[in-house]
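Number of protein chains: 2
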Amino acid sequence: MQGRAETTRRCLVEAAARLFEERGYAGTSISDISALSGRTSGAIYFHFGNKEQLALAVVEAHFATWPEMISGIHRSYESALERLVALSFSVARAFRDDVVVRAGSRLWTERRAIDTPLPAPFLGWIDTVGSLLREAAEQGELAGGLAPETAAVGVVYAFFGMHTVSDALDGRDQIEDRLYDLWLLLLAGLQAKPDARELLTRVGAPGPSCLVP
Amino acid sequence: MQGRAETTRRCLVEAAARLFEERGYAGTSISDISALSGRTSGAIYFHFGNKEQLALAVVEAHFATWPEMISGIHRSYESALERLVALSFSVARAFRDDVVVRAGSRLWTERRAIDTPLPAPFLGWIDTVGSLLREAAEQGELAGGLAPETAAVGVVYAFFGMHTVSDALDGRDQIEDRLYDLWLLLLAGLQAKPDARELLTRVGAPGPSCLVP
Chain X
15 MQGRAETTRR CLVEAAARLF EERGYAGTSI SDISALSGRT SGAIYFHFGN
65 KEQLALAVVE AHFATWPEMI SGIHRSYESA LERLVALSFS VARAFRDDVV
115 VRAGSRLWTE RRAIDTPLPA PFLGWIDTVG SLLREAAEQG ELAGGLAPET
165 AAVGVVYAFF GMHTVSDALD GRDQIEDRLY DLWLLLLAGL QAKPDARELL
215 TRVGAPGPSC LVP
Chain L
15 MQGRAETTRR CLVEAAARLF EERGYAGTSI SDISALSGRT SGAIYFHFGN
65 KEQLALAVVE AHFATWPEMI SGIHRSYESA LERLVALSFS VARAFRDDVV
115 VRAGSRLWTE RRAIDTPLPA PFLGWIDTVG SLLREAAEQG ELAGGLAPET
165 AAVGVVYAFF GMHTVSDALD GRDQIEDRLY DLWLLLLAGL QAKPDARELL
215 TRVGAPGPSC LVP
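For the record, the sequence lines run as chains X and L. Using my numbering, the first residue of the first sequence is number 15, and each one after it goes up by one. Using my numbering, the first residue of the second sequence is number 15, and each one after it goes up by one.
Check each hint, because a few of them may be wrong.
Claimed, not checked - Computed, partial: chain L to chain X, Cβ under 10 Å: (1) G159; (2) S180; (3) L198; (4) G203; (5) L204.
As the list claims (entries may be wrong) - If you want a taste of the chain L side facing chain X, the calculated C-beta under 7 Å gives, among others: (6) R126; (7) A134; (8) F136; (9) L160; (10) V167; (11) Y171; (12) F174; (13) T178; (14) A182; (15) G185; (16) D195; (17) L196; (18) A202; (19) A206.
No lab work stands behind these hints, which were simulated from the structure alone. Note that the Cβ used here is the ideal one computed from N, Cα and C, for glycine as well.
All chains should be built: construct the whole structure from the sequences, respecting the hints.
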C-alpha cells in the first residue's frame, strides 16, 4: 500500500508539473490535474490538501533534483573549477529539459500569486558554489584578490540572470550557448591562469557559440 | 486641453504603477486605479481602452526612464568602464526607488498573465553595454581576449540576476551592496589592469559591502 500511495503521489506531482509549466499556477485547476493524471480530485485532496500544497510539492521535487546531480559531478573531476563549470551545464540542461525543474522555476516567478511560502532557490546555490570556489582557491586555481564567498554570489547572480534571459528570449533553446559565453566572461576573472576555452573543452561544454545575442 | 489630457494620462500611469507594483497585475482592478487617481473609470477607458494597454503604458514609461539617465552619465565620465559602472548603480537605485520602474519590472515577471505582448527588457541593455565595452576596448581598458559583444551579454545577465535575487531576498534593500560585490567579480575579468575597488571609488559607489549573503 505504501508503494502504491507513493506512485500516486509521484504521478500527481508529474501531472501538476506539466500543467503548471505550460499554463502557470492560476491557469491550472485541480480538475485539469485529475484529467491528466487519471486520478480523481478526491485522491489529489487526500494526498496534498489543496493546490498550494501541490505547488509546494512540485517546488520541493525541483529542489530534490540537485543533490544527486552535485554528487555525480563531484566524482567526475579533480579540479573544483571544472566541477563548477560542468555542474552549471547540467543545471542549465535540467532547466531546459526537465519538466519538474521548469515548473518549479515558473512557480517561483509566480510566487506572489501562490498562497503558501516557497523556499528561495538562491541560498543553497550560493553555498554550493562557495564551497567549490574555496576548494579552487586551495587548489591554487582561483585568481588572487577574489574572496570565494563574494565571487560565489556573483556567479549565482549571473547564472540566474542568464536563465531568466534565456527563458524570456527563446524558451531556453540556446541556454547552453549563452552559458558558454557567460563562462568566457566569468572565468576571465576567476581563474588564476585564465584558459576559459580550454577548460570549457575539458568539461565537454558545447560551443563555441555562434549565437547572435 | 492637450496639456490637461497629458496630465490625466500621467496621473493614471502613476496610480496604476503604484498598484501594479504593490498588488500585481491580477490583483489590481480598473476601479482601484480610479479610486487612487481620483479619475473616473470612464476616463481610464477613454485614455487606455483596457487594463492590458494601461500595463503596457507603465512598461513603456519604465523603458522611457533610461535614455536620459544614459546620456546624463555619458557627460560625467571620460572612461567608458567608469560610465558603465556608474550607470549600473543609477539603474539599480531606480529599481529600488522608482515606482514606475519597479512596476514595469513586476509586470514583466507577470507577462504570461497579461494578454498583450510586452517589450523585452534585455536587448536594449545588451546594445548599450556593448557600445560602452567597445569604447572601453578602444580606450585600452578592456582585457585582451574578451569580445565586447560577448562580455556585454554576460554583464547584462549578471545585472538582471543580481536584481532578481535582490528583489526576492530583501525587496532590493541591499541592491547597492550586492552590485558592488558583483562588480568585484566582473571587473576582475573585464579590466586590462584590474583595479576594481579603486574604480568603484572613482564613480562614487557605496561600499565595500558588509553584506552576509
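Here is how each hint holds up against the structure:
1. G159: holds (7 Å)
2. S180: holds (9 Å)
3. L198: holds (6 Å)
4. G203: Given a least distance of 3 Å, the restraint on G203 of chain L holds.
5. L204: holds (7 Å)
6. R126: With Cβ-Cβ at 6 Å, under 7 Å, it holds.
7. A134: holds (6 Å)
8. F136: With Cβ-Cβ at 5 Å, under 7 Å, it holds.
9. L160: The hint holds - L160 of chain L has a Cβ within 7 Å of chain X, the shortest such distance being about 6 Å.
10. V167: Given a least distance of 5 Å, the restraint on V167 of chain L holds.
11. Y171: holds (4 Å)
12. F174: holds (4 Å)
13. T178: With a minimum Cβ separation of about 6 Å from chain X (threshold 7 Å), the hint on T178 of chain L holds.
14. A182: holds (6 Å)
15. G185: violated (12 Å)
16. D195: holds (5 Å)
17. L196: L196 of chain L check passes; min Cβ-Cβ to chain X is 5 Å, inside 7 Å.
18. A202: holds (3 Å)
19. A206: With a closest approach of 11 Å, the A206 of chain L hint is violated.
Checked against the numbered hints above, the structure violates hints 15, 19; every other hint is satisfied.
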